[in-house]
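Now for the letters of each chain:
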Amino acid sequence: MAKKTLLNEKDIHIILHRLACQLIENHNDFKNTVIIGLQPRGIFLANRLTQILQEDYKVSDIKLGHLDITFYRDDFRRRDEPLEASKTELDFIVENQNVVLVDDVLYSGRSVRSALTALQSYGRPSSIELLVLIDRRFSRHLPIQPNYRGRQVDVINSEKVKVSWRENDKKDAVFILSNA
Amino acid sequence: MKELTTDHLLGIKHLQKEDIELIFKTADHFKEVINRPIKKVPSLRDITIANLFFENSTRTKLSFELAEKRLSADIINFSAAQSSVKKGETLIDTVNNILSMKVDIIVMRHPHVGAGEFLSKHINAKIINAGDGAHEHPTQALLDTYSIREKLGKVAGKKVVIIGDILHSRVALSNIFALLKQGAEVKVCGPVTLIPKHIESLGVTVETNLKKALSWCDVANVLRVQHERMDINYFPSVREYTQQFGITSELLSSLKKEIVIMHPGPINRGVEITSDVADSSQSIILNQVENGVAIRMAVIYLLAQKIKN
Numbered sequence: 003m004a005k006k007t008l009l010n011e012k013d014i015h016i017i018l019h020r021l022a023c024q025l026i027e028n029h030n031d032f033k034n035t036v037i038i039g040l041q042p043r044g045i046f047l048a049n050r051l052t053q054i055l056q057e058d059y060k061v062s063d064i065k066l067g068h069l070d071i072t073f074y075r076d077d078f079r080r081r082d083e084p085l086e087a088s089k090t091e092l093d094f095i096v097e098n099q100n101v102v103l104v105d106d107v108l109y110s111g112r113s114v115r116s117a118l119t120a121l122q123s124y125g126r127p128s129s130i131e132l133l134v135l136i137d138r139r140f141s142r143h144l145p146i147q148p149n150y151r152g153r154q155v156d157v158i159n160s161e162k163v164k165v166s167w168r169e170n171d172k173k174d175a176v177f178i179l180s181n182a
Numbered sequence: 002m003k004e005l006t007t008d009h010l011l012g013i014k015h016l017q018k019e020d021i022e023l024i025f026k027t028a029d030h031f032k033e034v035i036n037r038p039i040k041k042v043p044s045l046r047d048i049t050i051a052n053l054f055f056e057n058s059t060r061t062k063l064s065f066e067l068a069e070k071r072l073s074a075d076i077i078n079f080s081a082a083q084s085s086v087k088k089g090e091t092l093i094d095t096v097n098n099i100l101s102m103k104v105d106i107i108v109m110r111h112p113h114v115g116a117g118e119f120l121s122k123h124i125n126a127k128i129i130n131a132g133d134g135a136h137e138h139p140t141q142a143l144l145d146t147y148s149i150r151e152k153l154g155k156v157a158g159k160k161v162v163i164i165g166d167i168l169h170s171r172v173a174l175s176n177i178f179a180l181l182k183q184g185a186e187v188k189v190c191g192p193v194t195l196i197p198k199h200i201e202s203l204g205v206t207v208e209t210n211l212k213k214a215l216s217w218c219d220v221a222n223v224l225r226v227q228h229e230r231m232d233i234n235y236f237p238s239v240r241e242y243t244q245q246f247g248i249t250s251e252l253l254s255s256l257k258k259e260i261v262i263m264h265p266g267p268i269n270r271g272v273e274i275t276s277d278v279a280d281s282s283q284s285i286i287l288n289q290v291e292n293g294v295a296i297r298m299a300v301i302y303l304l305a306q307k308i309k310n
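Residue numbers (the working numbering), protein chains in the order written: chain A, 3 to 182; chain B, 2 to 310.
Warning: the hint list may mix true and false statements.
Said to hold, decoys possible - Partial selection, computed: residues in chain B whose CB lies under 7 Å from chain A:
1) ASP8
2) LYS32
3) ILE39
4) VAL42
5) SER44
6) HIS113
7) LYS160
8) GLU259
9) ASN269
As the list claims (entries may be wrong) - Some chain A residues well away from chain B (every beta-carbon gap over 12 Å; in silico):
10) HIS15
11) ILE17
12) ARG79
13) ARG80
14) LYS89
15) ILE95
16) GLU161
17) SER180
Derived from the structure by calculation, the hints contain no laboratory data.
Just so you know, even glycine gets a beta-carbon here, dropped at the ideal spot from N, CA and C.
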């Protein structure tokens, strides 16, 4: 399997700071804004962005949550490998809040669709935005586009985009894996 | 492990330890779901479940129904009292008629031992045993041990005594299997007439002195005397049973430690347990009921996962 580095540690550092600044531009002091990372892989990006906002840009009191979408997916009983649920941790209500959904890779858009349904169980947000690190162009199955994107890439279906985080994969990097 | 090793839930006897762990892990997620403002997930919206109750039930039936609705399944209910069973229809015919209506999962309670197993061999649907005679009641044992795990952190190494009518109890047998598989120590306690012969061969010990049993245990699971299953008198009087095997607050305060009190319901207050004990902080009876919904959601979800589209 061929492995090509798309983004290295430094690229990711720059991108995360840019995304944090874009969020501040639109959400100011985050008074009515909540950041929700999608399980299982979007939570690292959500945690990291929250950390940057708090430590480097002195935005205090950010509400951060993790949302599991397993029970809302549209491929239950339709896939070979059974799904495994992760933990949802939302200790605030999303009613009348501006929600920023965070995931690492936007591909078909089906996870985001599931997340939109899952979010309804926690109330009616006043708005929902989507932030992704990697936006795979031309691969959407649904009319879903990100509001904030780290990097847009053209990758064919047989290739895989893998985001690794230093929290669990030793270092920050984005790879493109292909069978060629 | 992400999938159950079995296609039906007929009894705890057929489950692996890993199956129980998977059910508990999944139930943890559903317990979070049922405490949300909107307590429902859409996972099973294309699944139809038939609840066939050939024997009376309130709690188990409500709990299953609620679990199915929380998973967005379509459900049909059937109870023997209002059905063609009274007109002489056989079990297979009744169920095949229901299956022709395109049912994916059957939850069945039946007075005969092995009814679920029999169905699973003749019918193309996932079967969940909600109690078969005095044999097994697997979801009850799962929710009981899940409640112990929640209260005490784990089941392994804990000492559990099951008190009362062991002979007629499917809850007792399923609990014995579930507790032993998870590494607990099990004792049964009750009048000798209500303890099955050779029960030691399952790996449990027998104690007929209630005080001794309670001093030994961490958890006491108190069962009801099942008068409806008794064809003869197994003890002289209810009063005498209560004097010897009834749990009272005086008895509990005479112990050197605080034990956990469980009861699968329905409770006969003042017979096997007094009201003040049932309502005390030591009792986790109502937690058992709440956990019942989460456990049944997990079982249904995991079995539905095996129905391929």
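To see whether the hints hold, each was checked on the structure:
| no. | hint | result |
| --- | --- | --- |
| 1 | ASP8 | violated (14 Å) |
| 2 | LYS32 | violated (11 Å) |
| 3 | ILE39 | holds (4 Å) |
| 4 | VAL42 | holds (4 Å) |
| 5 | SER44 | holds (5 Å) |
| 6 | HIS113 | violated (32 Å) |
| 7 | LYS160 | violated (31 Å) |
| 8 | GLU259 | violated (31 Å) |
| 9 | ASN269 | violated (38 Å) |
| 10 | HIS15 | holds (34 Å) |
| 11 | ILE17 | holds (32 Å) |
| 12 | ARG79 | violated (5 Å) |
| 13 | ARG80 | violated (5 Å) |
| 14 | LYS89 | violated (7 Å) |
| 15 | ILE95 | violated (7 Å) |
| 16 | GLU161 | holds (26 Å) |
| 17 | SER180 | holds (27 Å) |
Going through the hint list in order, the structure does not satisfy hints 1, 2, 6, 7, 8, 9, 12, 13, 14 and 15.
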